[in-house]
Amino acid sequence: MARLPVAPADLVRLTAGAVALPYGLAALVVARDRGELTTYAGQSDFVAALAVTAGLALLAAGVVTSFAHRAGRIGDLALLAGWAWFAPFLAGWKGGPPLVLSLAGLAAGVTFPLLLHLVVASPGGLRSKGVRVLVVAVYVEAALSALGRALFRDPFFDASCWDNCTANVFLVRSLPRVAHGIQDVDLWFAAAAAAALATVCVWRLARASPPVRRTMWPILTGGFALAAVTIAHSVALDRMPLEDPSDPTFLSIFVIGCAAVIALALGLLWAVVGARVQRRSVARIVAQLGDAPTPGSLESALAKAIGDPELRIAYWLPASHGYVDARGRPAEEPIAASGRAVTPLVRGGRRVALVAHATGIAELEREIGPAVRLALENERLQAEILAQLHDLRESRTRIVETGDTERRRLERDLHDGAQQRLLALSYDLRVAGAASEGEGDFETASLLGQATGDAQIALAELRELAHGIHPAILTEAGLGPALATLAEAAPLAVEIGETPGERYPAQVETAAYFVVAEAIDDAARRGASYAAVGALRHEQRLVVKLEDDGSARTSAMIHVADRVGALGGRLEIEPTTLRAEIPCA
Amino acid sequence: MRVVVADDVMLTREGIVRLLEDAGVDVVAQAADAESLLREVRLKRPDTAIVDIRMPPTHSDEGLVAAQRIRTDHPEVGVLVLSQYVEPSYAMRLLEEYPERIGYLLKQRVFDGAVLIDALRRIDDGETVVDPTIVARVLGRRRRADPLAELTAREREVLGLVAEGLSNRAIAGRLFVTERTVEAHVKQVFLKLALDLNPESHRRVLAVLAYLRDERSS
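The listed protein sequences correspond, in order, to chains G and S.
For what it's worth, the numbering used here labels the leading residue of the first sequence as 46, then goes sequentially.
For what it's worth, the numbering used here labels the leading residue of the second sequence as 34, then goes sequentially.
With the rest of the complex left out, here is chain G (with noise of 0.2 Å):
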């Protein structure tokens, strides 16, 4: 079977709107038939040529917008109400079938229904529960309406009729009274009904962000007209209760009305014409990007693409099931809250990124085309790759903070075990000593006299390595004290320069104390005889500098760049001096 070009739903409403068109002629000229009053069409020229412009306008936007947004229905309301505004045209038919004026005078009733639907689920379809309850009110009301009239309303006993007054082929019962309170009712629901589009209307345009503003203050304020057309409908009909089509007060209201609805009907074709620019847009300034865009600049293109300054793109990285900005930091979910949405951007069934938006940017998703997608996905993987480096980089630093806890813990260990244990040896081994003294062995006071030596170097040598392991009077006194001890130890002549006052982060301490110790040993193993330290802080970094006379260097000082490294510092590393950058704020 050969498939159809067009979708079956496409294809109805194609057919609707083509076929709308000879049936608002033929309405048209069932209105001006021999001059007639029944209908407002049959006024003027100028009022017919407004009338019928209006409902083809709804028309029009009603294809149009259903072809640009397969998504919604408001394409489909827009049809719908334009198919309901030419009733009112049959139902003046005078002398036309009873079937056909019956229907009309009944289909009348919907088009205000269909046009506040139309304008409240615009753009995106219903999305407050107050806004659902209003148009399923309107329904009903309409339809309850429309059945009443249709059992128990008989135009001809109707004191008020205007336009058909003679046919209802669904009558069941003439109750006049009846009749009358449904149109009462009518009356004043659609007065009510419309003070809550207009508030609607004004709601959201005051609260609208710009670039939701930009496209749909044109239906809002068509809107917002409607339901002032309605209301003074409404108060009109209730001082006048006989509509005559040629009284000034109804024909300017009906002049107006069809003013409101063609403005709706621009509007809804200046939305679709505004999301094909935005689009076009969005795909220029992403061509604009160029090969390597700077990280976050997709982010503020489509922001300022869209006019939505708070724009936010989170992207999803599978390994680490968590979002992150474009540079690879990690980002909270982003939630819709009042005044924001959240579109999750798809590209080849996987989840690529979520874009928290203002709301009402009607189908984010489809406005970013096949362009913006594949730089999304660009930097999607480049803030994968930042984010692991970001987390390469934080184990590394965790490895050394590691480390150097370790060692601390090792030098306490050391000073608190095997040195006590050692000293009570050393007095004991001298209390023996004495005794043996006392008693005249001379030979074992001997041994026990060169055991006390033993262990006292054996202390001595417990006490460098436990120094060299971790230097307590960093921890305690900090840099300068603990370099100064460095120097004095040192197998060369070292020159403390300036060094700080004030004390740093134990890692950065650690660090830069250990950069000068491993700098030393490297320049003795050169041979210098003299090297001269610095350390001094410099804005946000301390700067560690270390010359020395020895000859050039070959070492590449893989541990002072790993700790360097792993507080995100710099080294620069000459043959004879050595200057490293170590963040400490």
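Simulated from the structure, these hints should not be mistaken for lab results.
One or more hints might be untrue.
Unchecked claim - Stretch-level coverage of chain G by chain S, calculated; a stretch enters the list once three of its residues show a Cβ under 8 Å from a Cβ in chain S:
{"no.": "1", "stretch": "287-296"}
{"no.": "2", "stretch": "523-537"}
Claimed, not checked - With the Cβ distance kept under 8 Å, some of the chain G side facing chain S (calculated, not the full set):
{"no.": "3", "residue": "Leu468"}
{"no.": "4", "residue": "Ser471"}
{"no.": "5", "residue": "Gly478"}
{"no.": "6", "residue": "Ile518"}
{"no.": "7", "residue": "Arg582"}
All residues carry an ideal CB built from backbone N, CA and C; glycine is no exception.
Starting from the structure of chain G, add chain S where the hints point.
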């Protein structure tokens, strides 16, 4: 002589107490932390407090802080700080504020009873005691243009003993020379090192240590 002993390690504390008692020193109280040490000093008013530098709760420099408190609150009580660290800066921190009746010894040295008793006696006499290992460390430091090279071997020896806190008379006794000879040596050393100081002053220990540690002399 009445002494309070503070060390959180019982083994060490009791060893020291035994040594002191054997030498006829009256140990009036023992303490395991800085707080009880300060309380005992306040109550017992000893001649000297022997204080371990590393004590609870943080095991860092509680002993040093306590020593400074004792010297501030009870100037008549001498303090001998014991440490396992060869840290000239700790010794100097003590000497900077209270150059008299204060001492800094490596812990391992005090188990030689004679050294401990000698140190206590010197502190009691108002002298200063600095551990020879620390003095050796600052004296032995490598220097680019070594001003110490101008000193004779005997002058270096005298300089070291001055840095250890010995008085001229004690130095004379140690070197088997007359006090006048020592005075002459000290004068000569201070002249050569351009130390602008009255060599009789109690502050000469600190001045010498500061000079030896100063990187400008290196």
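Hints, verified against the model:
{"no.": "1", "hint": "287-296", "result": "violated (count 0)"}
{"no.": "2", "hint": "523-537", "result": "holds (count 9)"}
{"no.": "3", "hint": "Leu468", "result": "holds, 6 Å"}
{"no.": "4", "hint": "Ser471", "result": "holds, 6 Å"}
{"no.": "5", "hint": "Gly478", "result": "violated, 11 Å"}
{"no.": "6", "hint": "Ile518", "result": "holds, 5 Å"}
{"no.": "7", "hint": "Arg582", "result": "violated, 19 Å"}
This entry does not satisfy hints 1, 5 and 7, going by the numbered hints stated previously.
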